[in-house]
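Chains as they are written, first to last, in our numbering: chain A, 1 to 116; chain B, 1 to 108.
Any given hint could turn out to be false.
In silico EDC-like pairs for lysine to aspartate or glutamate, Cα to Cα no more than 20 angstroms straight-line [stated by the list, open to error]: (1) A/K38 - B/D39; (2) B/K63 - B/E52; (3) A/K38 - B/E9; (4) B/K100 - A/D59; (5) B/K100 - A/D85; (6) A/K44 - B/E5; (7) B/K3 - A/E57; (8) B/K57 - B/D84.
No lab work stands behind these hints: they were computed from the structure.
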Amino acid sequence: DAMVIQNPRYQVTQFGKPVTLSCSQTLNHNVMYWYQQKSSQAPKLLFHYYDKDFNNEADTPDNFQSRRPNTSFCFLDIRSPGLGDAAMYLCATSRERAVLAKNIQYFGAGTRLSVL
Amino acid sequence: SQKIEQNSEALNIQEGKTATLTCNYTNYSPAYLQWYRQDPGRGPVFLLLIRENEKEKRKERLKVTFDTTLKQSLFHITASQPADSATYLCALGSTLTFGKGTMLLVSP
Numbered sequence: 001d002a003m004v005i006q007n008p009r010y011q012v013t014q015f016g017k018p019v020t021l022s023c024s025q026t027l028n029h030n031v032m033y034w035y036q037q038k039s040s041q042a043p044k045l046l047f048h049y050y051d052k053d054f055n056n057e058a059d060t061p062d063n064f065q066s067r068r069p070n071t072s073f074c075f076l077d078i079r080s081p082g083l084g085d086a087a088m089y090l091c092a093t094s095r096e097r098a099v100l101a102k103n104i105q106y107f108g109a110g111t112r113l114s115v116l
Numbered sequence: 001s002q003k004i005e006q007n008s009e010a011l012n013i014q015e016g017k018t019a020t021l022t023c024n025y026t027n028y029s030p031a032y033l034q035w036y037r038q039d040p041g042r043g044p045v046f047l048l049l050i051r052e053n054e055k056e057k058r059k060e061r062l063k064v065t066f067d068t069t070l071k072q073s074l075f076h077i078t079a080s081q082p083a084d085s086a087t088y089l090c091a092l093g094s095t096l097t098f099g100k101g102t103m104l105l106v107s108p
């Protein structure tokens, strides 16, 4: 059974048209992450939530926002997608934060975003 | 800034042989390091975590070593199988910085 579920698997949007990607988890983990991964590149951390505490990476563009309305769900909002935002977006969870060396991550299958 | 290097060229080996993948890092001293497997079009899957005070960690056919002096981790798959073909990513502990991964291709 899938434990981290991302919807949709494929998303096509138009240049400049806001888009929202969703992630849900059944693991009851405290931490949820969003990564961007381009072809043959490393997953790049955009931000993460520790419970309701939002942590943005320093180089994450303002165009990317996130919401976590409850433990189970987390959303990635791209306010004005550009062609360079076409990528695979990965959601992940971990039980605890890294400082406890318990940040083994469970990933969803990803959402592949295309920008036309 | 932290940098992780994994061999960008695919590693091609024959079934039954041992595959060895390398992860080198600079400008950081992680307390632990993780290895993940990623299949095409899928999210990474956690395989092993090794701490700085552990020289070696094993799980079934997998073995990971961690040399903090060399700033290097080696990932071994013994008796490799075609089903082991995938991209393998290393990630530095608390920073959640991933390498690009090395693609492993195991031919029958």
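Each hint tested on the structure:
{"no.": "1", "hint": "A/K38 - B/D39", "verdict": "holds, 14 angstroms"}
{"no.": "2", "hint": "B/K63 - B/E52", "verdict": "holds, 15 angstroms"}
{"no.": "3", "hint": "A/K38 - B/E9", "verdict": "holds, 17 angstroms"}
{"no.": "4", "hint": "B/K100 - A/D59", "verdict": "holds, 18 angstroms"}
{"no.": "5", "hint": "B/K100 - A/D85", "verdict": "holds, 18 angstroms"}
{"no.": "6", "hint": "A/K44 - B/E5", "verdict": "holds, 15 angstroms"}
{"no.": "7", "hint": "B/K3 - A/E57", "verdict": "holds, 16 angstroms"}
{"no.": "8", "hint": "B/K57 - B/D84", "verdict": "holds, 19 angstroms"}
Of the numbered hints listed earlier, not one is contradicted by the structure.
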